[in-house]
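*Asks:* Chains as they are written, first to last, in numbering that gives the first Met the number 0: chain A, 0 to 420; chain B, 0 to 149.
Quick caveat, the hints were computed from the structure, so don't treat them as lab data.
Among the clues, some could well be false.
To be verified - Derived pair list, reagent style EDC-like, types lysine to aspartate or glutamate, alpha-carbon separation capped at 20 Å:
#, chain 1, residue 1, chain 2, residue 2
1, B, K126, A, D365
2, A, K35, A, D365
3, A, K415, A, D405
4, B, K126, B, E94
5, A, K413, B, E13
6, A, K415, B, D9
7, A, K413, B, D9
8, B, K80, B, E107
9, B, K78, B, D55
10, A, K415, B, E13
11, A, K35, A, D405
12, B, K78, B, E32
13, B, K111, B, D55
14, B, K80, B, D55
15, B, K111, B, D9
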Amino acid sequence: MPATSLASGFPSAAARFDVARVRAEFPILATRVHGKPLVYLDNAATTQKPRAVLDAVLGYYTTENANIHRGVHYLSQQATEAYEGAREKVARFLNAASAREIIFVRGATEGINLVAQSYGRSVVRPGDEILVTGMEHHSNIVPWQLLAEQTGVVLRVAPLTDAGELDVAAFERLLGERTRLVSVVHLSNALGTVNPIRRITAAAHRRGIPVLVDGAQSAPHLAVDVRALDCDFFVFSGHKLFGPTGIGVLYGREALLDRMPPWQGGGDMISSVTFERSTWAGLPAKFEAGTPHIAGAVGLGAAVDWLSRIGLDAVAAHEDELLRYAAAEVGRIPGVTLIGTAPERASILSFALDGVHAHDIGQVLDLEGVAIRAGHHCAQPVMQRFGVAATARASFALYNTRAEVDALVAGLFKVKQLFAQ
Amino acid sequence: MTGTSALYQDVILEHNRAPRNFRRMDDADRHAEGRNPLCGDQITVWLKLDGDVIADVSFEGSGCAISRASASLMTAAVKGKTRPEVQRLFQRFHEVVTGKPAGDGRREELGKLAVFSGISSFPVRVKCATLSWHALNAALEQGVELVSTE
Numbered sequence: 000m001p002a003t004s005l006a007s008g009f010p011s012a013a014a015r016f017d018v019a020r021v022r023a024e025f026p027i028l029a030t031r032v033h034g035k036p037l038v039y040l041d042n043a044a045t046t047q048k049p050r051a052v053l054d055a056v057l058g059y060y061t062t063e064n065a066n067i068h069r070g071v072h073y074l075s076q077q078a079t080e081a082y083e084g085a086r087e088k089v090a091r092f093l094n095a096a097s098a099r100e101i102i103f104v105r106g107a108t109e110g111i112n113l114v115a116q117s118y119g120r121s122v123v124r125p126g127d128e129i130l131v132t133g134m135e136h137h138s139n140i141v142p143w144q145l146l147a148e149q150t151g152v153v154l155r156v157a158p159l160t161d162a163g164e165l166d167v168a169a170f171e172r173l174l175g176e177r178t179r180l181v182s183v184v185h186l187s188n189a190l191g192t193v194n195p196i197r198r199i200t201a202a203a204h205r206r207g208i209p210v211l212v213d214g215a216q217s218a219p220h221l222a223v224d225v226r227a228l229d230c231d232f233f234v235f236s237g238h239k240l241f242g243p244t245g246i247g248v249l250y251g252r253e254a255l256l257d258r259m260p261p262w263q264g265g266g267d268m269i270s271s272v273t274f275e276r277s278t279w280a281g282l283p284a285k286f287e288a289g290t291p292h293i294a295g296a297v298g299l300g301a302a303v304d305w306l307s308r309i310g311l312d313a314v315a316a317h318e319d320e321l322l323r324y325a326a327a328e329v330g331r332i333p334g335v336t337l338i339g340t341a342p343e344r345a346s347i348l349s350f351a352l353d354g355v356h357a358h359d360i361g362q363v364l365d366l367e368g369v370a371i372r373a374g375h376h377c378a379q380p381v382m383q384r385f386g387v388a389a390t391a392r393a394s395f396a397l398y399n400t401r402a403e404v405d406a407l408v409a410g411l412f413k414v415k416q417l418f419a420q
Numbered sequence: 000m001t002g003t004s005a006l007y008q009d010v011i012l013e014h015n016r017a018p019r020n021f022r023r024m025d026d027a028d029r030h031a032e033g034r035n036p037l038c039g040d041q042i043t044v045w046l047k048l049d050g051d052v053i054a055d056v057s058f059e060g061s062g063c064a065i066s067r068a069s070a071s072l073m074t075a076a077v078k079g080k081t082r083p084e085v086q087r088l089f090q091r092f093h094e095v096v097t098g099k100p101a102g103d104g105r106r107e108e109l110g111k112l113a114v115f116s117g118i119s120s121f122p123v124r125v126k127c128a129t130l131s132w133h134a135l136n137a138a139l140e141q142g143v144e145l146v147s148t149e
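Hey, can you work out the whole structure from these sequences and the hints?
*Replies:* Structure below.
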C-alpha cells in the first residue's frame with residue numbers, strides 16, 4: 000500500500016524509528032513553557048508541523064503563488080501543478096483509485112457537511128435513517144441533525160459497551176430498510192477506541208448502504224487504505240496530520256461523487272454559466288467552488304509525503320508502545336479512572352482523577368509545561384454515556400517519548416498533592 | 000507569587016475541599032442555574048430574600064476548583080447584604096478577576112474574595128470564577144432561571 004510501502008520495503012520499520020530525529024524536525028518542540036520544556040500531549044486537537052511542511056508552504060508563497068486552473072501564465076501553471084500534485088499525493092496516501100476521488104475541503108467537519116448536504120439531501124426522504132455510533136464527535140452528529148431538520152430524516156445511534164467499544168451486534172440490528180447512510184468514527188477522539196471498519200462496511204454493504212468514515216483521528220496514526228476498508232466516503236483534517244489548518248480531504252467513491260449534486264456554487268465548479276442555467280464541472284472541481292486553500296493543499300501534500308517516508312506502520316508501532324506505557328503508568332496512580340478501555344485503541348488516553356476537575360488537572364499540568372486537553376472534547380454524548388462532565392485527555396503523536404509520559408505522571412502527582420483531601 | 004500558587008491559593012483550595020452553603024434549598028424564594036457550555040460546569044444558586052436583603056443563600060453543582068471555591072466564598076460574602084450592595088460587590092469582583100486597575104481601596108471592599116485576583120493572569124478561567132455570580136445575579140433579577148457564560 001502506498002502509505003507504508005516506503006517504510007515496509009525495509010526490514011523492521013519500527014526498529015528504524017528514531018524519535019529524536021523526528022523531534023528535531025519540529026521547531027516548536029524546543030519551546031519552553033513557564034520555564035519548563037514543552038511536553039505537547041494535545042495532538043488529538045492539533046499536531047505540530049515539521050520543517051518539510053513549513054518549508055513547503057513558505058516555498059509555495061515565495062516561488063509559485065498564483066491562482067489556479069485559469070491562468071495561461073507561468074505562475075498559474077506552477078500553482079496548478081502544485082495544487083493538483085498535492086491531490087495526487089493524498090490519493091496515494093489513502094490508496095484511492097483516482098485523484099478525482101479526492102476533494103479538498105476545510106477539514107473533516109466540512110467534508111461531513113458536504114456529504115450531508117449533497118448526498119444526504121439528494122437521497123433521503125422523511126422517515127429515512129442515518130446511523131451513527133454513540134462515540135461520535137459533534138462534527139458527525141450536528142450535520143445530520145441539520146439534515147434531519149431540512150428533510151425529516153431520523154438520526155439513529157448505535158450504543159457503546161462499558162469499555163467504550165461499539166456494540167457491533169446492536170449496530171447491525173439498527174441497519175434497516177430505511178437506513179440511507181452509516182457515518183462512523185474510525186478512531187474515537189474521546190475514548191481512543193478503534194472501530195472495526197471492515198466489519199461495519201461489510202454489514203452495511205450487504206444491505207446496499209454506503210458508509211462514511213470520520214478519519215480525523217485515525218489518518219495521522221494508522222495506515223489508511225480506503226479500498227481495503229471498503230468505505231464509500233472518508234474524511235480527515237490536514238492540521239491533525241502535521242499539515243496546515245484550514246485544509247482537509249473528503250474521499251468519495253467516484254461513482255457516488257459523480258451522482259451527487261454540488262453543494263456550493265461559484266467559480267471553478269462550473270462547465271458553463273448563463274443566467275438561465277449552469278452546468279457543472281466534472282470531479283473533483285464540481286465540489287471545489289471558489290479559490291481553494293492552495294497553500295494549505297501544498298502543505299498537506301508535503302505532510303502526507305513526510306509521513307509516508309517515515310511510514311505509518313512504524314508510527315503506529317511507536318505510538319502503540321507509548322500508549323501502553325502511558326495507560327499503565329497513569330492507570331496505576333491512585334484515584335485515576337481511565338475512560339475508554341477498549342482492547343483496540345490508539346493514541347488517546349482519556350481519564351478522570353477522583354475529586355479533581357479535569358480543568359484543574361489541565362491547569363496544573365500546564366504550569367509544569369505539559370499540554371493536555373480538559374473538557375468534553377466536542378463529544379458530550381460520550382461524556383454522558385460514561386457519567387462524567389469532562390475528562391482529561393493526553394493524546395500522542397509520533398514525536399512523543401516515554402520521558403514525556405513520565406513528565407505527565409510527575410505532573411499528575413503534583414495535581415494530587417495540591418488537591419489532597 | 001507565580002504559577003500554581005498564584006491561582007490555587009490556600010483559601011481557594013480549602014473552600015473547594017469544604018464548600019460553605021453547599022446544599023439544595025427547598026424553601027428558596029428564587030433560584031437560578033449557571034452553565035458554562037465550554038467546559039460543562041453547572042451551578043445552581045438558591046436565595047431567600049427578606050425584603051431587599053439576602054437572608055439565606057446556597058448553591059450546588061459541579062465544576063472546577065475555581066468555580067466551586069468562588070461559589071462558596073460568594074455565598075459567605077453576600078449573606079445579609081442588600082441587593083445594591085451585592086451588585087456593587089459583583090462589579091468590584093469582576094474588575095479584579097479581569098485585571099482592571101482597582102484603585103480607591105476597591106480591592107479592600109472585596110475582603111476574602113480578593114484571593115481571586117490571581118485569576119486575571121489566566122483569562123480562560125475568569126468564566127469559572129464568575130459563573131456563580133452570574134447565577135446569583137440572574138436569581139436576583141427574577142424570571143431568569145438559566146444563564147450561560149457564552
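*Asks:* Run every hint past the structure and note whether it holds.
*Replies:* How the hints compare with the structure:
1. B:K126 - A:D365: holds (18 Å)
2. A:K35 - A:D365: holds (10 Å)
3. A:K415 - A:D405: holds (15 Å)
4. B:K126 - B:E94: This hinted pair holds, its Cα atoms lying about 13 Å apart.
5. A:K413 - B:E13: Given pair A:K413, B:E13 holds - Cα atoms ~17 Å apart, limit 20 Å.
6. A:K415 - B:D9: holds (15 Å)
7. A:K413 - B:D9: holds (15 Å)
8. B:K80 - B:E107: Measuring from Cα to Cα gives roughly 17 Å; hence the hint holds.
9. B:K78 - B:D55: holds (6 Å)
10. A:K415 - B:E13: Holds - the C-alpha atoms of B:E13 and A:K415 are around 14 Å apart, at most 20 Å.
11. A:K35 - A:D405: With a Cα-Cα distance of about 14 Å, the restraint between A:K35 and A:D405 holds, given a limit of 20 Å.
12. B:K78 - B:E32: holds (18 Å)
13. B:K111 - B:D55: holds (19 Å)
14. B:K80 - B:D55: Within the cut-off at roughly 10 Å; holds.
15. B:K111 - B:D9: Holds, at roughly 12 Å.
Every hint from the earlier list agrees with this structure, and none is contradicted.
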